[in-house]
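A.B. asks: Our numbering applies: residue 1 is where the sequence shown begins, and numbers increase by one.
Please keep in mind that the hints were generated in silico from the structure rather than gathered at the bench. From a predicted model like this one, the values you see are computed outputs, not experimental measurements. It is possible that some hints are incorrect.
Here are the computed distance ranges between Cβ atoms for each label pair [to be verified]:
1. A169 / P135: 14 to 22 Å
2. D148 / E112: 34 to 42 Å
3. G82 / T115: 16 to 24 Å
4. E112 / Y92: 17 to 25 Å
5. S99 / G160: 35 to 43 Å
6. R66 / N9: 38 to 46 Å
7. G160 / E112: 15 to 23 Å
8. L10 / R66: 31 to 39 Å
9. E77 / T131: 19 to 27 Å
10. E112 / A146: 39 to 47 Å
11. G95 / S69: 14 to 22 Å
In silico lysine to any residue, SDA-like type, Cα no more than 25 Å apart, as pairs [stated by the list, open to error]:
12. K164 / R12
13. K164 / E117
14. K164 / L132
15. K164 / L150
16. K164 / G82
We put the beta carbon where it would ideally sit given N, CA and C, even for glycine.
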Amino acid sequence: MTATTSPNNLLRYTQITYSPDATRALGQRLGQLLQAGQVIALHGDLGAGKTVFTQGIAAGLHITRRVTSPTFTLVNEYTASGDRQLIHIDSYRLGDNPSVAAQEAATFGLEELLTTENAIVVIEWAELVATLLPPDHLKIEITSVAQDELTRQITCTALGEQSKALLQALIEAG
Numbered sequence: 001m002t003a004t005t006s007p008n009n010l011l012r013y014t015q016i017t018y019s020p021d022a023t024r025a026l027g028q029r030l031g032q033l034l035q036a037g038q039v040i041a042l043h044g045d046l047g048a049g050k051t052v053f054t055q056g057i058a059a060g061l062h063i064t065r066r067v068t069s070p071t072f073t074l075v076n077e078y079t080a081s082g083d084r085q086l087i088h089i090d091s092y093r094l095g096d097n098p099s100v101a102a103q104e105a106a107t108f109g110l111e112e113l114l115t116t117e118n119a120i121v122v123i124e125w126a127e128l129v130a131t132l133l134p135p136d137h138l139k140i141e142i143t144s145v146a147q148d149e150l151t152r153q154i155t156c157t158a159l160g161e162q163s164k165a166l167l168q169a170l171i172e173a174g
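Please take these sequences and the hints and turn them into a complete structure.
C.D. replies: Given below as structure tokens:
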């Protein structure tokens, strides 16, 4: 695992996981630190582990309900501990490009969901709705490593002060 600060003062943290359980565990560690109002933007190819990571976040928030990808429903909502809510969004089926995807996201109220009181928002395929994301969010890129079907490189980049504090807490928690 490595933590770096880029020349433009962005905090980055990278960890390699060797199994879905390890990917889920990293998500769980993050979930334990999340506060209402935080937005997590997940990036990665199909099958990279975005939903597995989100399942970990849900476990960290003490959500006991089964967490599944909202690919066809677009949005799943879960009640979390501490009077919080997890809003899980999947942008995969929105448009063929970011401009069309942003227009289609308006039809289900993405902008309102991003500002839902007491909510933590996790968005899969966030690159498709990047123009709608708040300036302060945590970008997480999940990529397959080499030819290994299970190994993932997970890179977290804090965009904004709230996300920087969150990522710093994750780094310190080890």
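A.B. asks: All hints are to be evaluated individually against the structure, with a verdict given for each.
C.D. replies: How the hints compare with the structure:
| no. | hint | in the structure |
| --- | --- | --- |
| 1 | A169 / P135: 14 to 22 Å | holds (20 Å) |
| 2 | D148 / E112: 34 to 42 Å | holds (40 Å) |
| 3 | G82 / T115: 16 to 24 Å | holds (19 Å) |
| 4 | E112 / Y92: 17 to 25 Å | holds (20 Å) |
| 5 | S99 / G160: 35 to 43 Å | violated (24 Å) |
| 6 | R66 / N9: 38 to 46 Å | holds (39 Å) |
| 7 | G160 / E112: 15 to 23 Å | holds (20 Å) |
| 8 | L10 / R66: 31 to 39 Å | holds (35 Å) |
| 9 | E77 / T131: 19 to 27 Å | holds (23 Å) |
| 10 | E112 / A146: 39 to 47 Å | holds (41 Å) |
| 11 | G95 / S69: 14 to 22 Å | holds (18 Å) |
| 12 | K164 / R12 | holds (9 Å) |
| 13 | K164 / E117 | holds (21 Å) |
| 14 | K164 / L132 | holds (20 Å) |
| 15 | K164 / L150 | violated (28 Å) |
| 16 | K164 / G82 | holds (22 Å) |
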